[in-house]
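The primary structure of each chain is shown beneath.
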Amino acid sequence: MREPLIPMIGVVTNIRVDTPDVKTFRVVGLDGKKPFLHIPGQCAMLSIPGVGEALFSITSSPTEEAFLEFSIKKCGCVTEWLHAMEPGQQVTIRGPYGNGFPVNTDFAGKDLLFIAGGIGLAPLHSVINYCRAHRANYGNIDIVYGSRSKADLVDFEEILNVWCKEDGINVHLTIDNAQPDWDGHVGFVPNYVKELNPDTKKTVVMCGPPIMIKFTLAGLMDLGFDRTNIYTTMELKMKCALGKCGRCNIGNKYVCKDGPVFRFDQLDELPDEY
Amino acid sequence: MQRVKEKAIELLRSGEVSRVLGWKTGEFFYDLTPAVFESVEEVEKGFVFSLFSGANLSKYLIAESKKEGKIAVFLKPCDSFSFVQLQKEHRIKRENIYAVGIQCDGMCDGESLRSAGCEGMTGVEDGESLTVHTLYGDQVIEKKEALLGKCQTCKSKRIVDFDELIGQQGEDVPSDRFAEVAKLEAMTPEERFAFWRTELSRCIRCNACRNVCPACSCEKCVFDNPVSGVQNKAVADSFEENMFHIIRAFHVTARCTDCGECSRVCPQNIPLHLLNRKFIKDINELYGDYQAGADFDSRPPLMDFRMDDPEPSVIYTRGGAAK
Amino acid sequence: MQVNKEWTPTIVAFCCNWCSYAGADLSGTNRLQYPANVKIIRIPCSCRLNPMFILRAFQRGADGVILCGCHPGDCHYTTGNYYARRRMTLLFSMLEYLGIERERTRVEWVSAAEGAKFAATMNDFVKTVTALGENKRLEDLRCKE
Amino acid sequence: MQKIGVFVCWCGSNIAATVDVEAVSQALAQEPGVVFSTNYQYMCSQTGQDLIRDKIKEYGLTGVVVCSCSPRMHENTFRKTCEKAGLNPYMVEIANIREQCSWIHKDKAEATEKAIILGRAAIAKVQLNAPLQAGTSPVKKRALVIGGGIAGIQTALDIADAGFQVDIVEKKPTIGGKMTQIDKTFPTLDCAACILTPKMVDCAQNENIHIYAYSEVEAVKGFVGNFKVTIRKKARFVDTTKCTGCGLCTEKCPQKKVPNEFNLGLDNRRAIYIPFAQAVPKVATIDPDYCNMLKNGKCGVCAKVCGANAIDYKQQDELIEEEYGAIVAATGFNPIDLSKFNEFGYSQSPDVVSSLEFERLMNAAGPTGGTLLRPSDGKHPHTIVFVQCVGSRCDGGEKGKPYCSKICCMYTAKHAMLCREKYPDTDVYVFYIDVRTPGKNFDEFYRRAVEEYGVHYIKGMVGKVVPENGKLKVQASDLLDNRQLHIDADMVVLAAAIEPDKSARPLATMLTASMDTNDFFTEAHPKLRPVESPTAGIFLSGACQGPKDIPETVAQAGAAASKVIGLLSKDHLLCNPCTAQPDEMMCNGCSSCEKVCPYGAITYIDKEFRGPNRTTLLRRVAQVNPAVCQGCGACTVACMSGAMDLKGFSNRQIMAEVDAICK
Amino acid sequence: MKKIAISELNSLFAAIAADRKLYIPTDDSTGQSQFTIWEEGSILSRNVNTVRSAKDSFFPQVENLMGFKVTGKQIELIETRDPAESFAVFGVRACDVRSFDILDRVFLTEPVDTYYAQRRENVCIISLACGKPSETCFCTAFGIDPAEPKGDVTCWMTGEALYWQPNTEKGEALTAQLSVLVDADVADIEQEKAAIRATAEKLPFGKLDLSAFGQGKTKELFNRPEWKALSQSCLGCGTCTFICPTCQCYDIQEFNNGKTVKRFRCWDSCMYSDFTKMSAGQPRPTQTERFRQRFMHKLVYYPDNNEGIFACVGCGRCLRKCPIHMNIVKVIKTMGEGTK
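Residue numbers (our numbering), protein chains in the order written: chain E, 1 to 274; chain Z, 275 to 597; chain H, 598 to 742; chain V, 743 to 1405; chain X, 1406 to 1745.
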């Protein structure tokens, strides 16, 4: 019997600097292959022994066959260490964890509206690229993405050079404050979403800081969206990621196992503790 | 004892205070819970001061005294030492507190009755001796046997600081509270080591001793702080057991009022007070008598020195049985 | 680099920067020998020594811990060693009370001029601790392998 | 995680002979965080420093470990090197593999292993180092000189000449010190008063100098550049602004039996007195121990005769608070108490005198008006025996001092010479252990005493002096001729050892300046910083640092002054960045830290914090004044929660070192 | 049904311990009982229950999960699992036996916790009917029969004999090894059972009304004002959690001794303030939320996910040991009254 708490060893083969505080880490197994298969929205536990273990959402699409990628913002002990390391460093990895997005069921055939703020693009990145890879299965894709400044836009190159250039994908970028080399939209994401006035039939996938989620959700409600059609992904303190250690328990759900992807109508059923 | 409840009602009714910190009735006769009462009705329904009001309420004042309005608190003599010590450390806002001192002849609790041999307890009659009703018949036990450990070696019946007194002011009483420490000191190091291993190995690191201790009221305890270097959640091995209790005792050195709550709440009956008392005894012997919480002005011995203090080597020569 | 040899104790010496560390330097300058298993940690003053550091050292495998500071009255910070003296006295007494060999801990006042005393102290302390053998009563098994 | 460079120094063969430096640099290269590791012959050399600088740039090092000599030696050197390369100087740690490794171990394998461990500890520490910025603090441009003897006077004059304000605190009613009591000075034999009193007058007249005579330092707070000193101006019971120093009161005072300390009790003065004619300030002082008016309210003569109306029996001690940038200790010396030396009969016969008493007996302003007379009978002495090293160079003796008092040989030669010159009919014997005359023109002076003046120098110790029939029977041994001598002397002069003034020890405590076991102030470095105390901003002048003659004292006084001037000429000082810092989130506000802080660097404020559920909490938290904190760390241990930590020696850093050593 | 004379208990224990570790409750120096490894001279405790619950047998307070050796950029995984060995626990009361079912539903659901599973497979549980229940006992409220505990073997103790009834294959296998046991009549213990049940009838909380709790009660109970008063004096210690037979929250921590890193798990308590604390924020900022979580989990969330089974077995340990005497019974009663 394989013990799920025992991780495998992975190697960080590539580290990309995305923004001043976000780096993207490419991880493969010791055999040089992708450590495991996953579905968009799922997470994995990465650790450096002696520093700590933490859960990160997998940024790369399942369609990427060679590796897993994680876009990680520097915000604590483990992430600081990750940011300081160099390619070739081994890490431990276990997963995939969580339910992931219903890309093949609920999302299928739908127009999708992705709303992300800051590092919140990381979990959506995986879904977006999955949908791009299975383009025929989905309708139009709208992406609203905002950040503090241009420099803080994660995956800016890919957005500009790949996503923006594809048919059926509309990317709407915004930054919080005007800056000289930015001719795009300026303003906060919730307001921008309202301005864009999207079709309420779209299925919404949202991720970002709690304050953004709160106001964007209110905006979407105002626009007439249905809570059963809005998805988000949650972040809580986790240790085992197996639904046993009790840490991420909210009501009768374990975020690590039953989430992290929730529809807002599901969240409404949970006690307000997140 | 009824007078205590009446005083609580009177204080609330007169508007002197907006809240009363006292003890609330439980499901049994012995399981009183510290509680804040906000109305006369609540007091009438649930307030009780009895033989089982052993819990030291002073620690709750750290948070409670910082809230709006004045709170009344009932302090037994030993509790009042903690109350004063916390004031010395600027942890409580005295102006928000109305302290009522109550005299005390020693307290019991369910566990102390159980170790006196009662099981299945359903009621008690307080008198010269205690008559305990149990599922298996009545049992009569001497009150002294049923007293909490801390009450058996009561150091003082003096209520150090109060706004009002119920009953008589008492005095420091002679106590042989260091007898147990001296007994240990008289052992050989091997015996002492064996004794403490037996005791400390039962520790489950539930932190009850720490969390109940009025002196252990740090904003963030070193044992909870990942950067402190000693943080640990579990008694992973014998070292951690020792470490936790040594550091804890050291951190309350000269601040511990010997209120005995640590030993009272320890689910494993570890005699933790023997660690604290060792420090108290050493301080008394090496630097002169000092009792934390006994006054407002004295300087804590660890924040003080004399040029002619004994050298640390004194412990090599004092021998096991320190005089 | 592992040198094959018999068991020797690991000794941690905390030395105050102003007197004892300088005293240790002087004993070096004068080429006074003491065993290599004494490793010195420089602290600004003996009063910087937190009891937790001593316990940490024992946890991590030290067999003896010694604190060296300025002579009482000579503290660079005037009063630091007076506080250290009380703290260490009480801590050592507590360790003793717990049945941990009292000889494993020591405080010695060594001035910047007492290079010879420093070396002599270390030689004596190493001898004492060697005689006691390995620290078994305050060890962390997780650190032994 | 730092990018660490490790630089192992050979120190020529000092390290390399007993430590395999290559093995050390290779082993340390394996440590986590180390991206570069090398060894070099002399890291402190320009080439070595360039190597460090280049590698910092090449590898983008964020931390540097130098395995070399003691940090007390070259820590600053390497810090500066790194600073020049753009690295914060506090990202450097030194592993002391010379004084604490290569020099004390003979076994190469053992020493190498230890060097690796010490290197590891430094690496572990530097991992947790944080860049530190030294703050600045302003400098109060005023100096305090404690002691108004020749040392204090010279220091004050030099500082004042440079344009800085300087105050002298002198506990006696007048400045001048010991030198006022001396008759002639060696080796030139010019009159002490003639060369000293002009300086005293200069002091009084210098606009930049303020003299607090008859005053003592009561308390010292603060730190270099910002000392706050409380001075107790003792009550003279005379209004110094009114007193003209006419001296009428000192003639009319009915209390005539007060031992005159200026003449060492060889004569008497009145209860109201001016110590000597050239006193500065020249004002009268009432001795409260003897004044009848002050003792029982029955007298008042002085008030009646005082034309200036200066007498004020109700005068109280006055406490003055003043701020200074620098403090000079110039507390001087005293001859030791000779009453313990029974063998020389000092207590038995008044004709056994100390050299300083002899000095007064020779002085024109002295009790005998300058004629050498025996105190016992006022007769002219014909045979005088000088005993050297009384209390000096005593090994482990309880009575004496272990050190050489340095000045005795020369002043004894002077006394002997003067005796023979003025009274050629006297026989003068000097008993000595060694004659030490290592000064300019000193030996010549001594030889003149022997050769020209015919003083009998005898190597040997006086065993006993017994008063008998008006004579002093001196038993002594002549070591060179190996015989016992018996001399019937009229007078015996004891060259008493000198010791620091008794006020120095409590003063040192106030100043947080260190002292040696003999209560002489310790200098910051015996060779390179002889006039500074290890405590910043405290300087040493004169005999309080060690026995000195006048020229040496004056030289040192000037040196101390120049150090003070250097300090005061700065507008700001860089502070020690290794100061305590509280984590407010963890602070209990319990005041434990404040209680152990020797500098009063910690204060408390009530501060608002965010509580749970959007509430705010007002909490008392500690604040450290980094300009005042000296970084001892006493507070860090007093702090239960660990909220107080010391920058540069943090809990985590020290534990990391412990871990690395015990690994 | 088998039996053995009380005076012969030692030989029974010796026989069981012949090929495995045997844990039995013994009294410690303070008169409380603890499960300890049986050795010659061990004396069976007569206390109703142990201070610590029997969950320690499968879910010890601290357990090494694995180790790592880090060299440069390389990580090497080190297996630290204890070898599987069979063991027996004697004297498990009915409540604790039930607690194993509750823990199983956590640890043995996919993905299976192999550390727990391994011990669970290797254990033989020998339960013991409660001769003399305490006033704090309320297992009957959860439908547990103190006179008929489950387990691989069930035992009853009368004045003279210990009766032994194997229930499972494991139990039968063990019984077969124990020649010291002699045959007994099932009827022999009926009287004992009846006596226990009669006492159980008298237990003050034996019929505790649990109707306010259970599946689907989250909305109803979560925001009730009583939580604040109930949690008011909670010290936030972990006593209740650690002595509770059903509490199973754990933390994963690492210990770095400078050579290897050991990753271990240890009990954790939702009562601790750092349980859910993240650098980004604290979803349960005060003790009220943390207190509520513990009881909601036992009485609502767990039943939600487990067909209405409560995660409390009425062992009464928290009733005895809570430093401030707050406990699940008070919560059940207060909330029950509040929802009426």
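Check before you lean on any hint, since a few could be wrong.
[To be verified] SDA-like cross-link-like pairs, simulated, lysine to any residue; straight-line CA separation at most 25 Å:
id	chain 1	residue 1	chain 2	residue 2
1	X	1478	V	768
2	X	1633	Z	337
3	X	1474	E	194
4	Z	362	V	1337
5	V	826	V	903
6	V	797	E	194
7	V	1389	E	84
8	V	1405	X	1468
9	E	74	V	830
10	Z	340	X	1577
11	V	1148	V	1213
12	H	733	Z	464
13	Z	367	V	1355
14	E	214	X	1688
15	X	1474	V	1271
16	X	1426	X	1577
17	Z	367	X	1468
18	V	883	V	1271
19	E	74	V	743
20	Z	319	Z	361
21	Z	494	X	1482
22	H	741	X	1671
23	E	194	E	83
24	V	1337	Z	364
25	X	1478	V	744
26	X	1426	X	1633
27	Z	341	X	1641
28	H	733	Z	468
29	E	34	X	1482
30	V	1201	V	1167
31	Z	362	Z	468
32	X	1474	E	263
33	X	1735	Z	475
34	V	1337	Z	583
35	V	1349	X	1692
36	H	733	Z	469
37	Z	340	X	1468
[To be verified] To list a few chain E residues with every Cβ distance to chain X over 12 Å, as calculated:
id	residue
38	16
39	79
40	159
No lab work stands behind these hints, which were simulated from the structure alone.
Backbone N, C-alpha and C fix where the C-beta goes; we use that ideal spot for every residue, glycine too.
Status of the hints after comparison with the structure:
A distance of roughly 17 Å separates the Cα atoms of residue 1478 (chain X) and residue 768 (chain V); the hinted pair therefore holds under the 25 Å criterion. Proposed proximity of residue 1633 (chain X) and residue 337 (chain Z) is supported: the alpha carbons are some 15 Å apart, at most 25 Å. Distance check on the hinted pair: residue 1474 (chain X) and residue 194 (chain E) sit about 53 Å apart at the alpha-carbon level, beyond 25 Å; violated. Only pairs whose Cα atoms come within 25 Å are accepted, and residue 362 (chain Z) paired with residue 1337 (chain V) is accepted, the gap being roughly 12 Å.
This hinted pair does not check out: residue 826 (chain V) and residue 903 (chain V) have alpha carbons roughly 37 Å apart, beyond 25 Å. Only pairs whose Cα atoms come within 25 Å are accepted, and residue 797 (chain V) paired with residue 194 (chain E) is rejected, the gap being roughly 54 Å. For a cut-off of 25 Å, the pair hint linking residue 1389 (chain V) to residue 84 (chain E) stands: about 23 Å separates their Cα positions. With a CA separation close to 23 Å, the supplied pair residue 1405 (chain V) and residue 1468 (chain X) stays within the 25 Å bound.
At most 25 Å may separate the alpha-carbon atoms for a hinted pair to count; residue 74 (chain E) and residue 830 (chain V) meet this at roughly 23 Å. Of the supplied pair hints, the one linking residue 340 (chain Z) and residue 1577 (chain X) is violated, its CA atoms being roughly 64 Å apart against a limit of 25 Å. A threshold of 25 Å between alpha carbons decides the hint, and for residue 1148 (chain V) with residue 1213 (chain V) the separation of about 30 Å lies outside it, so the pair is violated. Simply put, residue 733 (chain H) and residue 464 (chain Z) have alpha-carbon atoms about 12 Å apart, close enough for the 25 Å limit, and the pair holds.
In summary, the hint linking residue 367 (chain Z) to residue 1355 (chain V) is supported, as the alpha carbons are separated by about 22 Å, within the 25 Å threshold. For the suggested pair residue 214 (chain E) and residue 1688 (chain X), the alpha carbons sit about 16 Å apart, so the restraint of at most 25 Å is met. The suggested pairing of residue 1474 (chain X) with residue 1271 (chain V) is violated, with an alpha-carbon distance near 51 Å, which exceeds 25 Å. At roughly 18 Å between alpha-carbon atoms, residue 1426 (chain X) and residue 1577 (chain X) fall within 25 Å of each other, so this suggested pair holds.
Proximity of residue 367 (chain Z) to residue 1468 (chain X) is assessed by CA-CA distance (about 44 Å); at most 25 Å being required, the pair is judged violated. With a CA separation close to 22 Å, the supplied pair residue 883 (chain V) and residue 1271 (chain V) stays within the 25 Å bound. This hinted pair checks out: residue 74 (chain E) and residue 743 (chain V) have alpha carbons roughly 13 Å apart, not beyond 25 Å. Restraint check for residue 319 (chain Z) and residue 361 (chain Z): not satisfied, since their Cα atoms lie roughly 31 Å apart, outside the 25 Å limit.
Restraint check: the Cα-Cα separation between residue 494 (chain Z) and residue 1482 (chain X) comes to about 34 Å, which exceeds 25 Å; the hinted pair is violated. A threshold of 25 Å between alpha carbons decides the hint, and for residue 741 (chain H) with residue 1671 (chain X) the separation of about 20 Å falls inside it, so the pair holds. With a CA separation close to 36 Å, the supplied pair residue 194 (chain E) and residue 83 (chain E) exceeds the 25 Å bound. With a C-alpha separation of about 13 Å, the suggested pairing of residue 1337 (chain V) with residue 364 (chain Z) holds against the 25 Å cut-off.
Under the criterion of a C-alpha separation no larger than 25 Å, the hint pairing residue 1478 (chain X) with residue 744 (chain V) is consistent with the structure, at around 15 Å. For the proposed pair residue 1426 (chain X) and residue 1633 (chain X), the alpha carbon gap of about 46 Å is over 25 Å, so the pair is violated. The straight-line distance between the Cα atoms of residue 341 (chain Z) and residue 1641 (chain X) is roughly 20 Å, inside the 25 Å bound, and the hint therefore holds. A threshold of 25 Å between alpha carbons decides the hint, and for residue 733 (chain H) with residue 468 (chain Z) the separation of about 13 Å falls inside it, so the pair holds.
The hinted pair formed by residue 34 (chain E) and residue 1482 (chain X) meets the criterion: a straight-line CA distance of about 19 Å does not exceed 25 Å. Only pairs whose Cα atoms come within 25 Å are accepted, and residue 1201 (chain V) paired with residue 1167 (chain V) is accepted, the gap being roughly 23 Å. For the given pair, residue 362 (chain Z) sits about 38 Å from residue 468 (chain Z) by alpha-carbon distance, which is inconsistent with the 25 Å threshold. For the given pair, residue 1474 (chain X) sits about 42 Å from residue 263 (chain E) by alpha-carbon distance, which is inconsistent with the 25 Å threshold.
The suggested pairing of residue 1735 (chain X) with residue 475 (chain Z) is violated, with an alpha-carbon distance near 31 Å, which exceeds 25 Å. Note on residue 1337 (chain V) and residue 583 (chain Z): the hinted pairing holds, with a Cα-Cα distance of about 18 Å set against a maximum of 25 Å. Restraint check: the Cα-Cα separation between residue 1349 (chain V) and residue 1692 (chain X) comes to about 23 Å, which is no more than 25 Å; the hinted pair holds. A distance of roughly 16 Å separates the Cα atoms of residue 733 (chain H) and residue 469 (chain Z); the hinted pair therefore holds under the 25 Å criterion.
Proximity of residue 340 (chain Z) to residue 1468 (chain X) is assessed by CA-CA distance (about 42 Å); at most 25 Å being required, the pair is judged violated. For residue 16 (chain E), the non-interface assignment is confirmed: its Cβ lies about 18 Å from the closest Cβ of chain X, beyond the 12 Å cut-off. The claim that residue 79 (chain E) lies off the interface is violated: its Cβ sits roughly 9 Å from the closest Cβ of chain X, which falls inside the 12 Å cut-off. Consistency note on residue 159 (chain E): stated as away from chain X, and its beta-carbon is indeed over 12 Å from all of that chain's, at 25 Å minimum.
Checked against the numbered hints given earlier, the structure breaks hints 3, 5, 6, 10, 11, 15, 17, 20, 21, 23, 26, 31, 32, 33, 37, 39 and satisfies all the rest.
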